[in-house]
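K.L.:
Residue strings, one per chain:
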Amino acid sequence: MGNTIVEFKNVTKQYGQGEAIQLANNDVNFTIEEGEFVVILGQSGAGKSTVLNMLGGMDTPTSGTITVAGQEVSKMNDKELSEYRAGTIGFIFQFYNLLPSLTAIENVSLVKNIVKSGPEPMEMLRAVGLGDHAKKFPSQMSGGEQQRVSIARALAKDPKIILGDEPTGALDSETGVIVLELLSNLSRKQGKTVILVTHNADIAKCADKVIRMKNGKIREIRINESPVPVREVEW
Amino acid sequence: MLVRKMTREIRKNLGQFLSLFVLSFLAVSLFACMKASNISAYNKLGDLRKETNCADGWIFSENFSSEDLSSVKALSYITSAQRRLHFKATAEGYDQAQLEVYGLEEDQVSMPYYVTGNKLDLTSKDGIWISESFAKEWDLKVGDPFAFSAYGQILNKRIEGTIVSPEYQYLKADKDLDIIAKNIAVIYMPVDGLSEYFQGLPGGLPFNELIFTTNRSDVKSLESSLDEALHGNYAVLCDRDDMPGIRIMKDELAQHDQFAITFPVVFLAIAILVIMTTMNRMIANQRTQIGTLRALGMKKRKIIFHYLSYSFIVSLLGSLVGVFVGTYLFGEGIAAIFRAWYLIPGWTVEMDASFALIVILIVLACTLATYFSCRKVMNVHPAASLRPAAPKSGKSTLFEKLPFWSRLGFSSQYNLRDIARGKLRSFMGVFGTAAGMMIMVAAMASITTIQDASSWSFDKIQNFKNEIDFSDDITLALAESYKAKYGGELIQTSAIEIAKEPHADSSKKKTTSLMVTEGAGYYRLTNVDRDITGLTPGTCAVTMKLARSLDLREGDTFYWHLYEKNTWYAAKVGLINRHPNFSGVTMLRDDYEATDAGYLPSLLYSSSDSVDALDQPGILAVHDDKDLKESFDIMMEMIYAMLFVFVVFAAILPIVVLYNCGNLSFHERVKEFATLKVLGFTTKKIRKLLSLQNLWLSIIGVFLGAPFGKVMLQYMFDSNGDSMDYPVSAGFLVYLVSGLFVMVVSVLVSYMFNKRIKKLDMVEILKGIE
Ligand SMILES: Nc1ncnc2c1ncn2[C@@H]1O[C@H](COP(=O)(O)OP(=O)(O)OP(=O)(O)O)[C@@H](O)[C@H]1O
Ligand SMILES: [Mg+2]
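Top to bottom, those sequences are chains A and B.
The first sequence lines up with residues 1 to 235 when you count with my numbering.
The second sequence lines up with residues 1001 to 1770 when you count with my numbering.
If you are wondering where the hints come from, they were derived from the structure by calculation, not from laboratory data.
Glycine included, every Cβ here is placed at the ideal spot set by N, Cα and C.
Hints may be right or wrong, so weigh each one.
Claimed, not checked - Subject to a maximum C-alpha distance of 20 angstroms in a straight line, what follows is the list of computed SDA-like cross-link-like pairs (lysine to any residue): (1) B/Lys1500 / B/Asp1722; (2) B/Lys1685 / A/Leu81; (3) B/Lys1688 / A/Glu106; (4) B/Lys1767 / A/Gly16; (5) A/Lys135 / B/Ala1420; (6) A/Lys112 / B/Arg1375.
Stated by the list, open to error - Cβ-Cβ distance ranges computed for the label pairs, FRET-style: (7) A/Glu123 / B/Lys1299: 53 to 63 angstroms; (8) A/Gly169 / B/Ala1295: 23 to 33 angstroms; (9) A/Gly16 / B/Leu1014: 18 to 28 angstroms; (10) A/Glu120 / B/Asn1754: 51 to 61 angstroms; (11) B/Arg1301 / A/Glu123: 37 to 47 angstroms; (12) B/Asn1754 / A/Gly118: 54 to 64 angstroms; (13) B/Lys1755 / A/Val228: 43 to 53 angstroms; (14) A/Gly118 / B/Lys1755: 30 to 40 angstroms; (15) A/Ile221 / B/Lys1755: 58 to 68 angstroms; (16) A/Glu80 / B/Phe1324: 45 to 55 angstroms; (17) A/Glu120 / B/Lys1755: 30 to 40 angstroms; (18) A/Glu120 / B/Lys1299: 56 to 66 angstroms; (19) B/Asn1754 / A/Glu80: 49 to 59 angstroms.
The shape of chain A in the complex, shown without the other chains (with noise of 0.2 angstroms):
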């Protein structure tokens, strides 16, 4: 560990104008180191989904500079930031977005069309565990197992990042134990930069740095010298 991956810098976000002005990220300021598992932890509105969607180039600051592996994403036009979601970024949804009208394999395999290189795609799903699955469509499999294809989906593409927008928030809590684990594997095993976005504090416990949000603001970033194994966390 060590080389800084992703800078945010003095980022504001503002929404509305006048009166009805809205400052979903004031003066955002943190760094988060290569191969790190991120937990950014807050209430409802504090402004977590509004720092992944401009971390994931779904969005742009209204000001201050974010930089990923060495580019400024915050200066991206249309087409660079396409090439930087497809080229560096994995995002996982909380209602996993995979589409409809494809099967599993075929959800993991349209990545291929934007990123040529990268694992298998039946590697990916046999790596979350739905070998057998791959012929299922989305509507024949439950919420954990959707999740597990999109993790795949976004692990076809061999980000260096993978962003994931309360990931578990839909399931159960076993699921989301399994699909939990999946992603701190990602990071101690495969050194992938993994960030989550949760209001479950107990979640934070498993996390290398833990992000505190309040009111669009930064309240305190953590860092867990010795985070708890998914499995042992209770929740």
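Model the placement of chain B with the ligands on the given structure of chain A, informed by the hints.
P.N.:
Relative to the frame of chain A, chain B with the ligands by itself:
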């Protein structure tokens, strides 16, 4: 509250509602445009006939005596009758225009309709009353001198008035293929003005026509009593349907009536598809809203009514605008075009009750289509409809059974599945592009068809340079001398009636033309495959459509008689032939002379440059092939003028349906596109993904629509009546150009989504479940 919701919804779905507006507008305006000029034509025609006391019946013979007239007048069902003299003449100057001269002793039946000048004065020996259409072309005014020749005499007269004859709404020179107003006129004049010129004729002035009005509706049923009154001294009895000047206009109007129904049907069908797909989506999207409204206690009827009002209001607006624009803009345009051809004084546009009917019909169809779309949701229990609809489940589709399925890329698999999910929408896309393609092919093929008919006419059939027209006073000896001088082939043309049995009654015989050739190859026959063939001596050629209508085949015997004589002859069909605009019987001179019908040539087809032929006795006019091609050129010009309209329609259909298809499939998959965007798909890739489907649908539409374009055009050409035989010719180029055009439209439509994909707000769309 619901009203506000409605205006907001309409604004949100502007594209679809605009399409619905445009489609109902097009359907109604097309109907109105065809119909409005027709209604006016029928009304004004009625007025004209009443005002001029237009004849109901025409009897032809070599001469009617005044006793004949009195005995016809004495018949109880005859309300008025008069005899008159009719012959063809040639204008002195004025491109030797053809003149239909009527010498009148009374002015009771088929009186002229006056445009300028004085009323007909039967004592004005030097006066003539001439067609307004002709006078306008040549800038002739009342008081101008006008000379014409007939029977070897030159008659110097003065124009006393310009008129419209109630018997000639369709006024076309014999040599022309189409109406060219400057080439023909009708002349009414007192018979006294002719007497000095016809003194030499045996038997004095031949009153060869007897015209009458009757209070019976079926003129033909009067034949036996008329026959009795005239002691059989007549050749033919005709009603209005037998008079080309009247019938052809009637056919044209009937054709418009037909188009007024067929064209709007296509647009209506597409409008219904747009409505069903739009409403299906809107209501599916608002499932929870509907559930909430119902849970709040709103009556089912009220909610349905609310949704019905969307399409009701939009289609009503479109239809109403369509009625007025269709009538006063498009309809007036149509009337203006046809006014230049068909002569009906005061012809403009009018509406009638059928306009209200079509508006009601279209609005009803649109509203009903909506009703069927909402009904499904309404029948869901409120509690159930409050839950979001089960997401459209992915499942295996038929396409996956394709052997090469697994080798298809993601884009293809994704789009094929989407097509399987949105069958109605896909059908709409195919149907709309097919309709656009159909119109486009018809438009393009109309050019090549005319070109083809022109080369058929001039390269195959007409193998001569000049047509020398003889006047009625030509003698056979004189005609032969011209043939010796200029070379070529003598032709006789006559009006005849033919039937499968001799002395057939009116219902079984057909009025048509006879062409007597010398078989010398200056005028050639073409068979059903349009290859040049000869005629076997002893047999006749019958044109294909005529043969079909009489059920005549090669080898059959048929019977014919000259129009003005009542002697029937038998003849054998040796060839079924085709000609673009001649319908009738062709016979060799030897065979014709073997009858006692009396051979007298009407023209000479010559290959020499017989420019000096004019101004010789017995010669009426000389037309070179440029003259003869003029009609084709005019037809061509007309088609080029209409081409623009066709191309616009051909573009509107694919634009409307493909935009709607794209829109619907964009809305249905917006979340998926946002997901793809997050995954790193570029705008271009997503646009291609979206438009791939439209591209396929339009390719299918292009292939399906292409053959129908030919069918539609053939139908349009055939609706011109049996005298025209234009086989639609559409080469590869026609299909290529039309197909490319539709595909370019399709590709351009896909760019309409570019901006929306670029602006796609990933954060917003992916925030929640719904
Ligand atoms: N498009 C928007 N327009 C206006 N305000 C917005 C918009 N998106 C977010 N906000 C505001 O920004 C603030 C931060 O939102 P954000 O989605 O980042 O919160 P969050 O921490 O992810 O909350 P949650 O845990 O509920 O998902 C909220 O107060 C929200 O109201
Ligand atoms: Mg959030």
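K.L.:
Now tell me if each hint is right for this structure.
P.N.:
How the hints compare with the structure:
no.	hint	result
1	B/Lys1500 / B/Asp1722	holds, 18 angstroms
2	B/Lys1685 / A/Leu81	holds, 14 angstroms
3	B/Lys1688 / A/Glu106	holds, 18 angstroms
4	B/Lys1767 / A/Gly16	holds, 18 angstroms
5	A/Lys135 / B/Ala1420	holds, 18 angstroms
6	A/Lys112 / B/Arg1375	violated, 43 angstroms
7	A/Glu123 / B/Lys1299: 53 to 63 angstroms	holds, 58 angstroms
8	A/Gly169 / B/Ala1295: 23 to 33 angstroms	holds, 28 angstroms
9	A/Gly16 / B/Leu1014: 18 to 28 angstroms	holds, 26 angstroms
10	A/Glu120 / B/Asn1754: 51 to 61 angstroms	violated, 34 angstroms
11	B/Arg1301 / A/Glu123: 37 to 47 angstroms	violated, 58 angstroms
12	B/Asn1754 / A/Gly118: 54 to 64 angstroms	violated, 29 angstroms
13	B/Lys1755 / A/Val228: 43 to 53 angstroms	holds, 49 angstroms
14	A/Gly118 / B/Lys1755: 30 to 40 angstroms	holds, 32 angstroms
15	A/Ile221 / B/Lys1755: 58 to 68 angstroms	violated, 41 angstroms
16	A/Glu80 / B/Phe1324: 45 to 55 angstroms	holds, 53 angstroms
17	A/Glu120 / B/Lys1755: 30 to 40 angstroms	holds, 37 angstroms
18	A/Glu120 / B/Lys1299: 56 to 66 angstroms	holds, 58 angstroms
19	B/Asn1754 / A/Glu80: 49 to 59 angstroms	violated, 18 angstroms
Of the hints listed earlier, those the structure fails to meet are numbers 6, 10, 11, 12, 15 and 19, in rising order.
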